[in-house]
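All chains should be modelled from the sequences, with the hints used to inform the complete structure.
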Amino acid sequence: MAVDAQPVPRTRSIRRPRFRGKNVTTAALIAPPLLWLVVFFAIPVVLVGLLSVGGIVLFPGDEVWTLSSWKSFLDLDSVYMGLFWKSIKMSLIVSAICVVIAYPIAYFLALGTSKHKYTLLLLIIVPFFTSFLLRVAAWKFILGDQGLINSFFYSTGLRADEHPIPQLLYSQFTVMLVLGYVWIPFVALPIFVSLENLDRRLLEAASDLGASRWQAFRRVTLPLSLPGVVAAFVFIFIPTIGEYVTPSLVGGNKGFMFGNAIQDLFGPGFDWTTGAVLSMFLFGAVLFFTLIFARFLSMRQLST
Amino acid sequence: MSDIAVSKNGLRSLKVFFGLLVVFLYAPLLVLFVFSFNDDSTIRFPLQGFTTQWYQDFLANPELTGSLRTSAIIAAIASTMAVLLGILASLVLVRRRFFGKSGATAFLLSPLVIPYVVFGIALLILFKTVDVFLDQWIGVTIGLSIWTVAIGHVVIFLPYAILVLAPRIERIDERLEEAARDLGATGLRTFRSITLPLIVPAVLSSFLISFTFSFDEFAVANFVVGDKVTFPIYLYSQLRFPTLLPQAIAVAVVVFVASLAIVMVAEVGRRFLERKLDVESEGSTLVPGAA
Numbered sequence: 001m002a003v004d005a006q007p008v009p010r011t012r013s014i015r016r017p018r019f020r021g022k023n024v025t026t027a028a029l030i031a032p033p034l035l036w037l038v039v040f041f042a043i044p045v046v047l048v049g050l051l052s053v054g055g056i057v058l059f060p061g062d063e064v065w066t067l068s069s070w071k072s073f074l075d076l077d078s079v080y081m082g083l084f085w086k087s088i089k090m091s092l093i094v095s096a097i098c099v100v101i102a103y104p105i106a107y108f109l110a111l112g113t114s115k116h117k118y119t120l121l122l123l124i125i126v127p128f129f130t131s132f133l134l135r136v137a138a139w140k141f142i143l144g145d146q147g148l149i150n151s152f153f154y155s156t157g158l159r160a161d162e163h164p165i166p167q168l169l170y171s172q173f174t175v176m177l178v179l180g181y182v183w184i185p186f187v188a189l190p191i192f193v194s195l196e197n198l199d200r201r202l203l204e205a206a207s208d209l210g211a212s213r214w215q216a217f218r219r220v221t222l223p224l225s226l227p228g229v230v231a232a233f234v235f236i237f238i239p240t241i242g243e244y245v246t247p248s249l250v251g252g253n254k255g256f257m258f259g260n261a262i263q264d265l266f267g268p269g270f271d272w273t274t275g276a277v278l279s280m281f282l283f284g285a286v287l288f289f290t291l292i293f294a295r296f297l298s299m300r301q302l303s304t
Numbered sequence: 305m306s307d308i309a310v311s312k313n314g315l316r317s318l319k320v321f322f323g324l325l326v327v328f329l330y331a332p333l334l335v336l337f338v339f340s341f342n343d344d345s346t347i348r349f350p351l352q353g354f355t356t357q358w359y360q361d362f363l364a365n366p367e368l369t370g371s372l373r374t375s376a377i378i379a380a381i382a383s384t385m386a387v388l389l390g391i392l393a394s395l396v397l398v399r400r401r402f403f404g405k406s407g408a409t410a411f412l413l414s415p416l417v418i419p420y421v422v423f424g425i426a427l428l429i430l431f432k433t434v435d436v437f438l439d440q441w442i443g444v445t446i447g448l449s450i451w452t453v454a455i456g457h458v459v460i461f462l463p464y465a466i467l468v469l470a471p472r473i474e475r476i477d478e479r480l481e482e483a484a485r486d487l488g489a490t491g492l493r494t495f496r497s498i499t500l501p502l503i504v505p506a507v508l509s510s511f512l513i514s515f516t517f518s519f520d521e522f523a524v525a526n527f528v529v530g531d532k533v534t535f536p537i538y539l540y541s542q543l544r545f546p547t548l549l550p551q552a553i554a555v556a557v558v559v560f561v562a563s564l565a566i567v568m569v570a571e572v573g574r575r576f577l578e579r580k581l582d583v584e585s586e587g588s589t590l591v592p593g594a595a
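Chains A and B supply the protein sequences, listed in that same order. Throughout the first sequence, residue numbering follows my numbering, covering 1 to 304 in sequence. Throughout the second sequence, residue numbering follows my numbering, covering 305 to 595 in sequence.
Incorrect hints may appear among the rest.
Not close to chain A: a few residues of chain B, all C-beta gaps over 12 Å, as computed [as the list claims (entries may be wrong)]:
(1) D477
(2) R479
(3) V507
(4) G573
(5) L577
Pulled a few chain B residues facing chain A out of the computed Cβ check, cut under 7 Å [claimed, not checked]:
(6) F322
(7) L324
(8) R348
(9) L392
(10) I425
(11) L427
(12) L430
Some chain A residues flagged as far from chain B (calculated, every beta-carbon gap over 12 Å) [claimed, not checked]:
(13) F41
(14) F73
(15) D75
(16) S78
(17) M81
(18) W85
(19) K89
(20) Q172
(21) E243
(22) Y244
(23) R295
In short, the hints are calculated from the structure, not lab data. Glycine is no exception: its CB is placed at the ideal position from the N, C-alpha and C atoms.
Dropping the structure here:
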């Protein structure tokens, strides 16, 4: 190379700093994003933890270094603990139902159609671009006392005026229905991707070896698409378990969730320390579940 | 090939099922659309007649237009910042090997697994702590503002920017960058003349994704918003205590159409550009056909 013909010292002076400089630039490039997340993500979470045990005092009169808020929360009879299990239950049910509904949809898009699959996929993603709040509120206009369904019953005389169907709005069912509505398009995506990446020759091989469609699905397609299913489940579980907006719009008292309790404690309820306890507990629970699912995922991948 | 995956009857029932889902997804949107033209200031059935009044009125509602402007400013700041930080992070994660890389990757993507309510209150506690501290020592407070919302949005949209940008950078032929370096270009020059032009489509699409989501984000903003409310916060207060709800719905319809148009154009443009760039960069590889 031409560079080798240059006097030796000059080559060194060009090469050396460049080589050592590589580590420096790596650090300099990665530092801003890392710092941003340390300052505005990691430190805030640590502060929540500190606040929950009185490690920082934000309001005069708050106790310093105490576990009393944790104790009263972890008490088996505590209202918040009951609310936590109720929310976990609701969120798991919603996630499971969404996955069950989204799977055939993703299957149809990935394996059933050939020409228009991306157009059809776009068709179910488009609703995502409507305001989230209005997608939730639209159900209020459908299920409410003066909503679509009730007024249909009034006008046909099936129900007397001013006697709406009970439980239609402001119930646990409504919250789960709307959460499912909001998240289904998002759930279909990872399942679609895993089915799309499936090697079709495996299915042909299965059928050549005499497998029925059902056997091919159960022994080949389903196991290979499980990572997508688990990813979809996690994708919807994380946002729904911490939801407070949907329950506050369509849940009423019965649809109240753990996230609403947290929001209330930082709002009108005004007990930041208890709110911090609830938040840390929720974050811990989410991490725990995510790790379990991720573990399951990597074990599946190892065995296949 | 597809008849191994699904029988004729199976395909027919899947089609029906898909159609039902589409109806389920679009029916509520249709209800909203109808109410934005309904001549009744309360959202209720039966319908009262057609009007375009709400679309005309919202322009004269300073509270509403102000909230739209605030949301646009926050979305612009947050998505610019998220994309810039995302480019830096993706470059390093794709191109460099260093100690603790898997840990750094996990940390950079970790905002994906925090429930928004927890992150919202965590940010609130951070700003409150800073204020308590500043108040004690120098007697000033910063308080909450559009900046506190933008800061939070950068955190939640940075992982998405990385997820869009990193795969694109991975697909750039590294030999193009090496060639530039061998020809004497500095690192910055190589980035500007080679890498950046090749990732422009991904940069644009990650910017637009962040922008649209930031514009619509409520759960985190709700905790750290200052006196200037964003559009989702205005909308939420209208949904709780409706006074001018049809106007807000009309605006949301406009925003929906606009963001859909932008994203569609961007997505089509990105596909087109990337295909073009792939062809060009493949055409200029040192060993033709090796790629």
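In terms of Cβ atoms, is chain B entirely out of 12 Å range of A:Q172?
-> Holds, because the least Cβ-Cβ distance between A:Q172 and chain B comes to about 19 Å, which exceeds 12 Å.
Residue hint B:L427, partner chain A, criterion CB-CB below 7 Å = holds (5 Å)
No chain A beta carbon within 12 Å of B:V507's | Fine: 15 Å to the nearest Cβ keeps B:V507 off the interface.
In terms of Cβ atoms, is chain B entirely out of 12 Å range of A:K89?
-> holds (16 Å)
Does A:F41 really sit off the interface, with its C-beta more than 12 Å from all C-beta atoms of chain B?
-> violated (5 Å)
So is A:M81 really clear of chain B, every C-beta pair being over 12 Å apart?
-> Holds, since 17 Å exceeds 12 Å.
Claimed clearance of chain B by A:R295, with the beta carbon kept past 12 Å = Holds: least Cβ distance 14 Å, greater than 12 Å.
Would you say A:W85 is clear of chain B, with no C-beta pair closer than or equal to 12 Å?
-> Nearest chain B Cβ is 16 Å from A:W85, so the label holds.
Should the label of A:D75 as a non-interface residue stand, given a Cβ cut-off of 12 Å to chain B?
-> Holds, because the least Cβ-Cβ distance between A:D75 and chain B comes to about 22 Å, which exceeds 12 Å.
Can we trust that B:D477 is non-interface, i.e. its beta-carbon lies farther than 12 Å from all of chain A?
-> About 20 Å separates B:D477 from the closest Cβ of chain A, which puts it past 12 Å; holds.
No chain B beta carbon within 12 Å of A:Y244's = violated (5 Å)
Satisfaction of the B:R348 interface hint, Cβ to chain A closer than 7 Å = Status holds, d = 4 Å.
In this structure, the earlier hints numbered 7, 13, 21, 22 are contradicted, and the remaining ones agree with it.
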